[in-house]
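Number of protein chains: 2
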Amino acid sequence: MNDIKDYMQQLGRRAKTAARVIANAESGVKNKALDVIASEIELQQAAILEANALDMQAGKEHGLDEALLDRLELNEERVQAMAEGLRQIVSLPDPVGEISHVNARPSGIKVGQMRVPLGVIGIIYESRPNVTVDAAALCLKSGNACILRGGSEAKHSNQVIATCISQGLKVAGLPTEVVQVVETTDRNAVGELIRMEESVDVIIPRGGKGLIERITKEARVPVIKHLHGVCHVYIDDKADIEMAKAIALNAKTQRYGTCNTMETLLVSDAISAEILPELEVLYQSKGVELRGCERTRRVLPNCVAAVDADWDEEYLAPILSIRVVDGVEGAMDHIHQHSSGHTESIVTSDHATAMRFMREVDSSSVMVNASTRFADGFEYGLGGEIGISTNKLHARGPVGLVGLTTQKYIVFGEGHIRQ
Amino acid sequence: MNDIKDYMQQLGRRAKTAARVIANAESGVKNKALDVIASEIELQQAAILEANALDMQAGKEHGLDEALLDRLELNEERVQAMAEGLRQIVSLPDPVGEISHVNARPSGIKVGQMRVPLGVIGIIYESRPNVTVDAAALCLKSGNACILRGGSEAKHSNQVIATCISQGLKVAGLPTEVVQVVETTDRNAVGELIRMEESVDVIIPRGGKGLIERITKEARVPVIKHLHGVCHVYIDDKADIEMAKAIALNAKTQRYGTCNTMETLLVSDAISAEILPELEVLYQSKGVELRGCERTRRVLPNCVAAVDADWDEEYLAPILSIRVVDGVEGAMDHIHQHSSGHTESIVTSDHATAMRFMREVDSSSVMVNASTRFADGFEYGLGGEIGISTNKLHARGPVGLVGLTTQKYIVFGEGHIRQ
Numbered sequence: 001m002n003d004i005k006d007y008m009q010q011l012g013r014r015a016k017t018a019a020r021v022i023a024n025a026e027s028g029v030k031n032k033a034l035d036v037i038a039s040e041i042e043l044q045q046a047a048i049l050e051a052n053a054l055d056m057q058a059g060k061e062h063g064l065d066e067a068l069l070d071r072l073e074l075n076e077e078r079v080q081a082m083a084e085g086l087r088q089i090v091s092l093p094d095p096v097g098e099i100s101h102v103n104a105r106p107s108g109i110k111v112g113q114m115r116v117p118l119g120v121i122g123i124i125y126e127s128r129p130n131v132t133v134d135a136a137a138l139c140l141k142s143g144n145a146c147i148l149r150g151g152s153e154a155k156h157s158n159q160v161i162a163t164c165i166s167q168g169l170k171v172a173g174l175p176t177e178v179v180q181v182v183e184t185t186d187r188n189a190v191g192e193l194i195r196m197e198e199s200v201d202v203i204i205p206r207g208g209k210g211l212i213e214r215i216t217k218e219a220r221v222p223v224i225k226h227l228h229g230v231c232h233v234y235i236d237d238k239a240d241i242e243m244a245k246a247i248a249l250n251a252k253t254q255r256y257g258t259c260n261t262m263e264t265l266l267v268s269d270a271i272s273a274e275i276l277p278e279l280e281v282l283y284q285s286k287g288v289e290l291r292g293c294e295r296t297r298r299v300l301p302n303c304v305a306a307v308d309a310d311w312d313e314e315y316l317a318p319i320l321s322i323r324v325v326d327g328v329e330g331a332m333d334h335i336h337q338h339s340s341g342h343t344e345s346i347v348t349s350d351h352a353t354a355m356r357f358m359r360e361v362d363s364s365s366v367m368v369n370a371s372t373r374f375a376d377g378f379e380y381g382l383g384g385e386i387g388i389s390t391n392k393l394h395a396r397g398p399v400g401l402v403g404l405t406t407q408k409y410i411v412f413g414e415g416h417i418r419q
Numbered sequence: 001m002n003d004i005k006d007y008m009q010q011l012g013r014r015a016k017t018a019a020r021v022i023a024n025a026e027s028g029v030k031n032k033a034l035d036v037i038a039s040e041i042e043l044q045q046a047a048i049l050e051a052n053a054l055d056m057q058a059g060k061e062h063g064l065d066e067a068l069l070d071r072l073e074l075n076e077e078r079v080q081a082m083a084e085g086l087r088q089i090v091s092l093p094d095p096v097g098e099i100s101h102v103n104a105r106p107s108g109i110k111v112g113q114m115r116v117p118l119g120v121i122g123i124i125y126e127s128r129p130n131v132t133v134d135a136a137a138l139c140l141k142s143g144n145a146c147i148l149r150g151g152s153e154a155k156h157s158n159q160v161i162a163t164c165i166s167q168g169l170k171v172a173g174l175p176t177e178v179v180q181v182v183e184t185t186d187r188n189a190v191g192e193l194i195r196m197e198e199s200v201d202v203i204i205p206r207g208g209k210g211l212i213e214r215i216t217k218e219a220r221v222p223v224i225k226h227l228h229g230v231c232h233v234y235i236d237d238k239a240d241i242e243m244a245k246a247i248a249l250n251a252k253t254q255r256y257g258t259c260n261t262m263e264t265l266l267v268s269d270a271i272s273a274e275i276l277p278e279l280e281v282l283y284q285s286k287g288v289e290l291r292g293c294e295r296t297r298r299v300l301p302n303c304v305a306a307v308d309a310d311w312d313e314e315y316l317a318p319i320l321s322i323r324v325v326d327g328v329e330g331a332m333d334h335i336h337q338h339s340s341g342h343t344e345s346i347v348t349s350d351h352a353t354a355m356r357f358m359r360e361v362d363s364s365s366v367m368v369n370a371s372t373r374f375a376d377g378f379e380y381g382l383g384g385e386i387g388i389s390t391n392k393l394h395a396r397g398p399v400g401l402v403g404l405t406t407q408k409y410i411v412f413g414e415g416h417i418r419q
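Read top to bottom, the protein sequences are chains A and B. In terms of our numbering, the first sequence opens at residue 1 and continues consecutively. In terms of our numbering, the second sequence opens at residue 1 and continues consecutively.
Hints in this document: simulated from the structure, not taken from any laboratory. Treat the hints with care, since some could be wrong.
[Said to hold, decoys possible] Residues of chain B clear of chain A, computed beta-carbon distances all greater than 12 Å:
#1 Val-29
#2 Lys-170
#3 Gly-330
[To be verified] So the derived list for chain A, only partly shown, Cβ under 7 Å to chain B, looks like this:
#4 Lys-110
#5 Arg-187
#6 Met-367
#7 Thr-406
[Said to hold, decoys possible] Calculated lysine-lysine pairs in the DSS-like style (CA-CA distance at most 30 Å, straight line):
#8 A/Lys-245 to B/Lys-110
#9 B/Lys-217 to A/Lys-16
#10 B/Lys-16 to A/Lys-217
#11 A/Lys-32 to A/Lys-170
#12 A/Lys-238 to B/Lys-110
#13 A/Lys-209 to B/Lys-5
#14 A/Lys-217 to A/Lys-16
#15 A/Lys-209 to B/Lys-209
#16 B/Lys-5 to A/Lys-16
Where a beta carbon is used, it is the ideal one built from N, C-alpha and C, also for glycine.
Model the full assembly from the supplied sequences, consistent with the hints where possible.
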């Protein structure tokens, strides 16, 4: 245990030193590193796939479930996607150094803000080896040093990828400590990382609810995260029926396992008798199990009865809970009580109702007449995303390069002193 | 203890309900409440001063030190200043509801951000009864509900002020639970407040280092804070000597007890023999004790020898540590190691050096040719400030109305679904 502590502390000190260098590196140098990493990933494709095969084999032996194995598995296409992701990040504007809001004050000083990196970012994630590349690239481009702690199930894949990243940093003349991959699979390494307030500025966990809950509970370092996504679509009585059907279907069935998938459909009482039977047919054709409140079941007698727990459940599966509510007021009450603060959408053609929902619903993304599945860094135009945050402080919603930076006040004087 | 827990939980639930109302209150209504509170404070001046006299008497009996008693004491002028502070906040623009960065995406959706209140803010502070008014007003204007926990030494003053606030909320037609003053002086109330993740969105502590350390250690709710202010002025070899002397003197002596006061002066080796003797005369005239490094003492033989602990000390007193460094590089190394991340200033006439210091120093305020004493919400044009933050996430530097809000993503579609 003490060895792990020492090892992690050492990573922390090195990261802190490297952070000063990468914070002040020019965009061209950072882009050079990213380009070289992309080429290295392509060059090392065979080695990456070989290492990944070892991880897959071990994963099967340890009885990992199908979903985890799918996330762990790499193939030529996925390796190519990593390289392309890197080149996309090269093309994104560098947020660091932006100076904004400079104003002259009555005293004569000029006050503004400058965008700067956060410093050292700790990222804790499971299975997907592509996170190693994505996270490293986003941190690097935003001028941060990072410490990456991947799952033990991906250790061989991550090691080869780490070599590619080192090579890119070296060729660009940057310290390799800008991106450090934790080499031990000891679980205590995570416990140490999330308590290293002296050297780590923020922790970003990506993984299952159990991992996030543990980190949230034990961390001393601030955590940017979302715990889960219980997203809602509300169909207002003034909704266009065809539009409502398309959005409700897309939000649930376009992908089941993502955090921005709708888990509960709210339907205005006034429109429920008209739309619910049509929706039932659509969901049945996709094999989605429906669980309804009492009023839903009056319209859809074959629907399973929802229990209280259904309203807080992130199914991540072809299951949908449906509740009939008293207009937008009832919908917002339900959302206020049960939402995880991720994403909610209203379908309505009434302007006042739309704007009211937009203003009053307190979630990281609020939508009008669009599928919750759009809540995503790429769809929002952030380029990459390192995750989605339901925190209220700092980055909220999809977190891209800007979310990995902060601002400091800058003051220009000409010898000004305070009177 | 269980009573306290129940009591605090009840305040939390009420605040959460009130937060939904105040978040959506119009600016005019919020301003109306602030105006009435200001008038009430003026009308109740006699009652406020009477209550304050009780607090002062109890404070003296309990042996509170002079500094605390000074902060606790109200007089006609200070009561008038509270009312004026309220009217200033009325005149500030309301940050809530601002929509920004709306862009059309290739999918057809329009994505932007809307500024919204944080929700429920817990404020924990000591002695100064004016914080009760300031904090309540800033939270109210920014659309937040708040729970105020003042020090037991100010309980009578705070109770009368709380009545004025309630009256203002009532007259404006807002729920009085928008501002709740904790009525028990039991210390466990603080312990409970900082763990109420379900109902409190952020804690802002204002007080001594002991209070802040305890809260930082025990809080489950995010804390916006600064622990202390070890601020630096660096005099570069390219500095204008007269300007450097004026800034170094002002930064230390304009007020000793504030967090933006300089505690350590860094002087470039190349200029130290010229400027230090002149500075010594100036500081001596103000009665400031100097503690110097070895190189400082070669120039100023009468200077006390600084020990290691001096470089991390927030004196809040007429004491100054001085270190001679090897140019801007040496200054930044010292700052990197010893700064509390609050405010640092460089005095130089060299553009490249100024911009390098500005870019590379990682503090909440970085200045060129200006006194650190300018690091303040009023001086920066924020109107009021609820405190200064050295956090890297969210609000950094002086925290005004905008720092008490967050942004959510808003998406406008016309029936868009994800492909």
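Hints and how they fare:
1. The beta carbon of B/Val-29 sits about 15 Å from the closest Cβ of chain A, which is more than 12 Å, so the claim that it is off the interface holds.
2. Non-interface status of B/Lys-170 relative to chain A is upheld: no Cβ of that chain comes within 12 Å, the nearest being about 23 Å off.
3. Non-interface call for B/Gly-330 relative to chain A: holds, since the shortest CB-CB distance, roughly 14 Å, exceeds 12 Å.
4. Because the beta carbon of A/Lys-110 sits about 9 Å from the nearest beta carbon in chain B, more than 7 Å, this interface hint is broken.
5. Nearest Cβ of chain B to the Cβ of A/Arg-187: about 23 Å, over the 7 Å cut. The hint is violated.
6. Interface hint at A/Met-367: satisfied, since its Cβ lies 4 Å from the closest Cβ of chain B, which is below the 7 Å cut-off.
7. Here the hint on A/Thr-406 is kept, as its CB sits about 5 Å from the closest CB of chain B, short of 7 Å.
8. Restraint check: the Cα-Cα separation between A/Lys-245 and B/Lys-110 comes to about 21 Å, which is no more than 30 Å; the hinted pair holds.
9. Simply put, B/Lys-217 and A/Lys-16 have alpha-carbon atoms about 23 Å apart, close enough for the 30 Å limit, and the pair holds.
10. Among the hinted pairs, B/Lys-16 with A/Lys-217 is consistent with the structure: their alpha-carbon atoms are about 23 Å apart, no more than 30 Å.
11. For the suggested pair A/Lys-32 and A/Lys-170, the alpha carbons sit about 10 Å apart, so the restraint of at most 30 Å is met.
12. Between A/Lys-238 and B/Lys-110 the alpha-carbon distance is near 21 Å, which keeps this suggested pair within the 30 Å criterion.
13. Only pairs whose Cα atoms come within 30 Å are accepted, and A/Lys-209 paired with B/Lys-5 is accepted, the gap being roughly 28 Å.
14. Note on A/Lys-217 and A/Lys-16: the hinted pairing holds, with a Cα-Cα distance of about 25 Å set against a maximum of 30 Å.
15. Simply put, A/Lys-209 and B/Lys-209 have alpha-carbon atoms about 36 Å apart, too far for the 30 Å limit, and the pair is violated.
16. Straight-line distance between C-alpha atoms of B/Lys-5 and A/Lys-16 comes to about 41 Å, which puts the hinted pair past the 30 Å bound.
Hint check: violations occur at hints 4, 5, 15, 16; the rest are consistent with the structure.
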